[in-house]
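S.K.: Fit chain B to the supplied structure of chain A, relying on the hints for placement.
From first to last, the protein sequence lines are chains A and B. So in the numbering used here, spot 103 of the first sequence is number 103, and the numbers just go up one at a time. So in the numbering used here, spot 373 of the second sequence is number 373, and the numbers just go up one at a time.
FYI, nobody ran anything at the bench for these hints, they're computed from the structure. Idealized CB from N, CA, C, for every residue including glycine. Watch out, some of these pointers could steer you wrong.
Computed cross-link-like contacts, DSSO-like style, restricted to lysine-lysine with a CA-CA straight-line distance of at most 27 Å [said to hold, decoys possible]:
(1) B:LYS171 - A:LYS108
(2) A:LYS118 - B:LYS322
(3) A:LYS70 - B:LYS171
(4) B:LYS346 - A:LYS70
(5) A:LYS70 - B:LYS322
(6) A:LYS108 - B:LYS351
(7) A:LYS42 - B:LYS335
(8) B:LYS335 - A:LYS70
Stretches of chain B that chain A covers, calculated by requiring three or more beta carbons in the stretch to come under 8 Å of a beta carbon on chain A [what the hints assert, rightly or not]:
(9) 172–182
(10) 323–329
(11) 337–343
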Amino acid sequence: MANILLVDDDPQFQLMTKTMLIKAGHTVTQASSGAEALDVFKGNRTNFDLIISDVMMPDMDGVDLLGRLKAMGINLPVLAISGGVKNLSAGFNLSSMTMLGALDTLAKPFSKTELLTKVEALIK
Amino acid sequence: MAIFSKKQLQNWLGFAEIQAQIKADCAREQERQARLIQQKCVEELISALTSEQTGDIWSDSWPELLKQVSKHITQTHQSIKKFESKQSISPEPVAKNLVGLPASSTEQNNELILENQQLKDRLVLSHQIFKSVQDVLAEFNPKLQEVIADTESGAVGVLTMISDVDQSADKLVQYLDMSFGEGQNMNANIEADSEAITSLGGFLGEMVKKLHDDLNSFEGVAQSIEALKDQVAVVDNISRQTTLLSFNATIEAARAGIHGKGFAIVAAEVRKLASMSSEASHKIGDSISQNHKYIQNYLLSFRASSEHDAEKVTELSEKASKLAENYEAQRTFYKILLEVVQSSNKELSRKIQNVYGQVQFQDIVRQRVERIQNAISAKQMILADVAQRLTDVGQQMEPNELNALKEELDRYLEEDSRHNAFIGNSALDVAQGQSEGMKIDLF
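Chain A extracted, bound-state conformation (with noise of 0.2 Å):
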């Protein structure tokens, strides 16, 4: 089972995806946004399996915090999830992280059976 960082500023979102998450077995750690996310790395948290990272949210974006993490030099597989907002579609949203290195992405709304098979499989 993974040990996974999940990021997003939605908080009934975030107790969604998290109870799916820990139902399935893996442990999670929250972030409400990219820079939440940074001070967890800041941390020497570094341990985690999987980041799953919305790409809109205030202070830092998923765009932003994925630059980050690479200039900090974590390589971590990460799973991109957006809905679509601020005039943006998710299509736009997920296609940008994935090119700034995101191995996959998950339009919201997603149903659990989808969001356990992309992340099993982002963890083998």
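M.R.: Chain B alone, transformed into the frame defined by chain A:
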């Protein structure tokens, strides 16, 4: 008829001398044949070495040919040795049998032995030289195989890298195509919402006009009300005169009996004032009524207009808010797009640098081939000299030729080992290697 013994007959006929002569003839023939074989081998070797066709020089048949040359030389050497072993036994008995024969035969025999010894030495040295050439070629062959393998792997590497660059560029183009569509949608939304700004401009223009009209209307009302002041003054004057008349009427009433005529004049004035007062009152009433009506109409119109304006303002406000959202989205869109393009460009630049490094490595391979070519040229010159000495009996063989070949091979191997240090390294590594004294030219 006299009877002779076989031995007497042999001695008498000089049979032993004939036999020795035959043996010597056989030996010469063997030597001649050996020389012919040797010369043929040398000619073949020279022909192959001096050929301008690279394919001939580096033919796979080379090692086999050299083996054959070596074999011929060894065989010749053995034949001569065999002949010499016979000669080393035979000269003395032959010499005994040659007693009484001309001294020249023995001298010739001794010269032949000496010449054979010289030939043996030359052949042994030639054998060593050819063996050395074989060693050199045995070194070149794997080196060239290495170069070919490096070239192949280098070419495959370049192709793989270029394919990778192509894929990355293609991915970026697809992303930009998709982003272009996204940007167009966003622009369409912004253009649609920007009409709100035009409407807002028109609406504000109307509002200004309306305010101007309203101001004019209120000025009219103010003038109308101002006009009432005159009427009020008239009424006020009437009031004062009525008071005065009333006072006069009171006085005249006191004297009524005596001066009734004067009272009649006062009464007439009072009637006149009453008439004026009535007229002023009507005018004031009319004016107030008119203004009241005007104001009522204006308020009705203003209420209707306000409701319409409120709807218009709400609509414009919504559109302006949406426009602001679209501008914010567009700002985010361009920020993300810029970051992705910047990151992709960095990645592409890194990959192209790798291709450049790999291409530089191919140039290093070219330098390796060039070194082999130079080494071959040097060896060719030495071998041409050796060949000349071999074909010219009068020339002495120089053991230094062998040393020169060995030195040339050692020099090549030392230079080539510098190249080997770079196999599998990047151009950057090669460039860093320069500081360690490596003689690699980079373009």
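S.K.: For every hint, state whether the structure bears it out.
M.R.: Structure-based check of each hint:
The hinted pair formed by LYS171 of chain B and LYS108 of chain A meets the criterion: a straight-line CA distance of about 24 Å does not exceed 27 Å. Using a Cα cut-off of 27 Å, the hinted pair LYS118 of chain A and LYS322 of chain B is violated, with the two alpha carbons roughly 36 Å apart. For the hint linking LYS70 of chain A to LYS171 of chain B, the alpha-carbon distance of about 20 Å falls within 27 Å, and the restraint holds. About 13 Å separates the Cα atoms of LYS346 of chain B and LYS70 of chain A, which keeps this hinted pair within 27 Å; it holds.
The suggested pairing of LYS70 of chain A with LYS322 of chain B is violated, with an alpha-carbon distance near 35 Å, which exceeds 27 Å. Simply put, LYS108 of chain A and LYS351 of chain B have alpha-carbon atoms about 34 Å apart, too far for the 27 Å limit, and the pair is violated. A C-alpha spacing of about 25 Å is found between LYS42 of chain A and LYS335 of chain B, which places the hinted pair at or below 27 Å, so the restraint holds. Using a Cα cut-off of 27 Å, the hinted pair LYS335 of chain B and LYS70 of chain A holds, with the two alpha carbons roughly 18 Å apart.
Coverage of the region 172–182 of chain B by chain A holds in this model, with 5 residues showing a Cβ closer than 8 Å to a Cβ of that chain against a need of three. For the region 323–329 of chain B, the assignment as covered by chain A holds, since 4 residues bring a beta-carbon within under 8 Å of that chain's beta-carbons and 3 suffice. Coverage of the region 337–343 of chain B by chain A holds. Counting CB-CB distances below 8 Å, 4 residues qualify, and the rule asks for three or more.
Of the numbered hints stated above, those contradicted by the structure are hints 2, 5, 6, listed in ascending order.
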